[in-house]
Amino acid sequence: MEFAELIKTPRVDGVDLHRPFMPTVEGTLCLTGHHLILSSRQDNTEELWLLHANIDSIEKRFVGSLGTIIVKCKDLRVIQLDIPGMEECLNIASSIEALSTLDSVSLMYPFFYRPLFEVIEDGWQLFVPEEAFKDLESMTDEWRLSEVNKDFSVCPSYPSLLTVPKDIDDESLCKAASFRHGGRFPVLSYYHKKNGMVMMRAAQPLTGTNGRRCKEDEKLINATLCAGKRGYIIDTRTIAVAQQAKARGGGFEQEANYPQWRRIHKAIERSNVLQDSLIKLVEACNDQSHSMDRWLSKLEASNWQSNVKEILTTACLAAQCIDREGASVLVHGTEGTDSTLQVTSLAQIILDPACRTIRGFEVLIEREWLQAGHPFQQRCAQSAYSNGKPRSEAPVFLLFLDCVWQILRQFPCSFQFNENLLIMFFEHAYASQFGTFLGNCVAERVKLQLSQKTVSLWSWVNRPQELERFLNPLYEPNNLVIWPSVAPQSLLLWEGVFLRWNRSTKCLDEACQEMVHIIEYNKELQNKVNSLRRQLAQLETEESPLQTP
Amino acid sequence: MEHIRTPKVENVHMIDRLTPRKSTVGTLYLSSTHTIFVENSEARKETWVLHSLVYNVERFPTNPSGSPLIIRCKNFHVYRLLIPQERDCLDVLASLTRLSRPECYGELFCFSFNPNLDKELREKAWGFIDLKAEFNRMGIPSNLWHVTAANHEYRLCDTYPSELFVPKSAFPAVIVGSAKFRSRGRLPVLSYFHRDTSASICRSSQPLSGFSARSSDDEQMLQAIMKSNPISEFMYVVDTRPKLNAMANRAAGKGYENEDHYTNIKLQFIGIENIHVMRNSQQKLIDVGELAAPSMSDFLWGLENSGWLKHIKAVLDAGVFIAKAVAEDGVSVLVHCSDGWDRTAQACSVASVLLDPYYRTIKGLMVLIEKDWVSFGHKFSHRYAHLDGDPKEVSPVMDQFLECVWQLMQQFPCAFEFNERFLIQLHTHIYSCQYGNFIGNCQKERRDLRLQERTHSLWPHLWENRAEYTNPLYRTDHSQTQGVLKPLTTAYCFKFWKGMYGRAEKSVASHQSPADCLNAVREESQQLEEELSAHQERLAQLKEKKTSGGRKKTNKLSERVRRPIPTESKLSSPLDYFTTTRSEKHTPSFTLPLELAAPPKNGDPDDLSTCSDFESGVADLSSRSSFFFFFFFTCNSEKI
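Residue numbers (UniProt numbering), protein chains in the order written: chain A, 1 to 549; chain B, 1 to 640.
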């Protein structure tokens, strides 16, 4: 298919662009295969360069022959284009609709994008399971790297290399896989260096209504327990939901079969509920005419903040079991690709200082989200303005980022990165020139040959020029576990994302600059003082021989 | 002393509701001014609670472990005690109830508070804020405005200051006539003069217009105010009340200006609710803060139901309207409500903060409070229940002003010289009666009480400690610091003030504060600057000596104080995320955790939910921990 077929009118003059908090721009609108471009004719500078993939939905309106297209983006921005000429407007609208909903992944922009920067460090090599395993080996010898899934046949959504207990052979793994939803048998997610406790993740066990059991599965997870120790199974569903799952062949670990494990049920919502929550929240945020009562009641009704609280609480609970109770933990929900990953990745941010560095956080996303098989392409196909029939889209990853932001806000000195990094990840998960978030699992990415045909997001972010924007000036590394407050009054609306286009951030940005300024000045002084000290010390030692006759 | 039935109770538990395991045992002392809790622990940590800050004391039925007693403070601290003997508990309750409700001014703490200042210093301290100088700063007196002696000895209006600034063109007869036509004689006078546009903010009480009355003097007075702004052809009269309330007042012979009688005025109603609505609203907000383990819905529903943020928005909207009129349109504004001492003070002072960068400095805010609140007869002693009196007179008027400033600080982080701590400290002292500044209800009353001779002034005390109250992001030459602030007042811009209302607990989660970090860095930079110049000097000396072959002086390099590195020991006790939220709708529940031991480790996990320390106090932070201050009322200099 040629993009040209979809572009009926490639260029319209005299188009007005309206954006919040910016003056109206009049210019020429151009459509390319992947971008909507508007540039003002006066000075020919670029005014708007929007990926079609970023467009969530559009609305058309006509007043006489003047057409208006309201473009609603996945990053929650809303812009308005006034296009003279009804035919042009209709053509542009239908082209945008077609181009923003391309079915084939291989037509997406990342396959066409050629970087203007030199790739110094290939982001596709950011996380190498073998190397991560070497680190683990230096701490414990109870684990091995299994190739049982090397052709993705045991579990299609798992990567080819998995860390499993040493004593469990591949055959047992296959049997355990057949007992777990989607073949997602329990694998290592995190090893807590401090006390040797571990966090594993899986999908729900397929107990069904007749209480099926699987000795290999039991053996597998028991192998992670020290003698005489008990562990916790954190089921991200309520007990009622877990019970219902039995009827569809799913279920939960029966106490009788897992006597060494204590099961705790939490209530993280399913993805379709989360999508609904996002839509309601964004709707509330975009209506500036709301009275205080209406705003607060809409905010409450969206349930977004409740979802943040529930996810964060569950993650804190997992971290607490590991760090404070000294117990190992298994986390799962239904498929083990959504709420499970929210919990395991947030728990690691709480427990492991390494995850609070930029590189560590990237590795965490690579390991606990991309490789762990979170279906990014399905979940991020649409954002808050989707008006079609909901399929499997859901802001699972956005909620995770929101929770990270809450922790970051409570511990502003403990993270190497700032809020901008989180917002950038949100944008790129939904629409990007990079191939990182394409596909739903490792198997799909291998098939798409993403690492050969597209550029990795990490290749771009990790360039020193880019990193600067994402550094937190207040960062002071510390090795502590950080326990966030999950009280409702401690959890705020993430304004950086949800009010981003509804207010000017000039004053807040200035505050950030001022912070950088204060810290930079301090560093500068320290360097000066240190160099003077050296000079002085040198002079004084040169002088001292004179003293001793 | 005669009110203290028992001066000392031993083995009292101070209970932390959120983390019962952090509860401490100690001895409770009652002095004539404070309740003091001294921990039995090694550190013998002391918690001092001023009697005048106590809002109420509540006793709960005795149970096997003792008698629970809750002390709620006017600055929203809550102390939960468990007293072993019921008799002791009753004695403490009776004593505290009496001590926290003084019956006459003479009983107030400020008359016994003695920070060892000699007479001369005390007098000088009272001169720290000079309102005449403040009007001079605005450019008053000028060729259009002057001071009038009309209120000498408070003969015109006993709740106004004796010195009033009025248009030069207003004859004494007009001034007297206008005062007669205004409720309680509170005639229109100058509150703020905006040099850039020559527009002014004047204030008054409502006119005694009823359904048809008019006063040519009052009309001339407004005309004179309008004319004092040569470039403007009209002026606004901002009635800060809801229109319905203003209309209702007409039946009582009061009301608002009839636009037909006054030439060139535009009447604008703002709709700030009265003191009774505000009192109830704040109580609901406090209840939200006290909810045990609320769900997000409980919290947001409670916040909405309290209406508090709606009222804060109304006050800020009033300020924004006035500031815009004065700065952008260059139009003078007369502000009034009913008596002109609550909503009027709020609207004028919020507008002033928006208009004038000076009021966004530490000294400037003090001046503003002294001018718009203290001197113009805001009824501090009534509103903040300094004496046992009519509960219907009590209302958080000043709380709302301070919160408006706080909300502005959220939008303009570099624009204010002071920090949140300053606002909270001001709030505490408005209630504490430790200093004489806020005692009484008007200037005349304060003069009659001879407060300047008998009490101390808060302002110099705050000024001396200003390092503690400084916002590190503030820079005098920053663009945000200059000019008029234009805040957004969309509903979503308003936040719950956690620092104020979220501290019902003894242990507030002390998470990292960027401001404290930055202050520490700035302090370090200052040390570095000093060290740098010392080194440079020394280097120059050495070089000189080297060339002149002089002998070395023994001079050790001074080691700079390093910021401490965080350690495990800074971790506080473990927390519990096991609890599933109890969704008892909107009933503040009090459950005394009587088992102070840790939850059973080997029990069923679902049973671990007995305690609810959601608000964890684990502070990893504080590589700059020395810069953390806690807001218990424990300042050493303030102990008696």
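For the record, the hints were derived by calculation from the structure and aren't laboratory data. There may be inaccurate statements among the hints.
What the hints assert, rightly or not - What the simulated footprint calls covered on chain B by chain A, stretch by stretch (three residues with Cβ under 8 Å from a Cβ of chain A suffice, anywhere in the stretch; the number is not a length): (1) 127–140; (2) 286–296; (3) 307–313; (4) 464–477; (5) 489–496; (6) 537–546.
Every residue, glycine too, gets a C-beta built ideally from N, C-alpha and C.
Inset, instruction - Three residues minimum, CB to CB under 8 Å: does the region 127–140 of chain B make the cut for coverage by chain A? Let me know. - result: violated (count 0)
Inset, instruction - Tell me if chain A covers the region 537–546 of chain B under the three-residue, 8 Å CB rule, please? - result: Contact hint for the region 537–546 of chain B vs chain A: holds, 6 residues under 8 Å.
Inset, instruction - Mind taking a look at whether chain A covers the region 489–496 of chain B? Criterion is 3 or more residues with CB to CB distance under 8 Å. - result: Check passed, 7 qualifying residues.
Inset, instruction - Three residues minimum, CB to CB under 8 Å: does the region 307–313 of chain B make the cut for coverage by chain A? Let me know. - result: holds (count 4)
Legend entry - Given coverage of the region 286–296 of chain B by chain A, checked by CB-CB distance under 8 Å (3 or more): holds (count 4)
Legend entry - Annotated coverage of the region 464–477 of chain B by chain A, confirmed only when three residues or more have a Cβ within 8 Å: holds (count 3)
Taken one by one, the earlier hints fail for this structure only at number 1.
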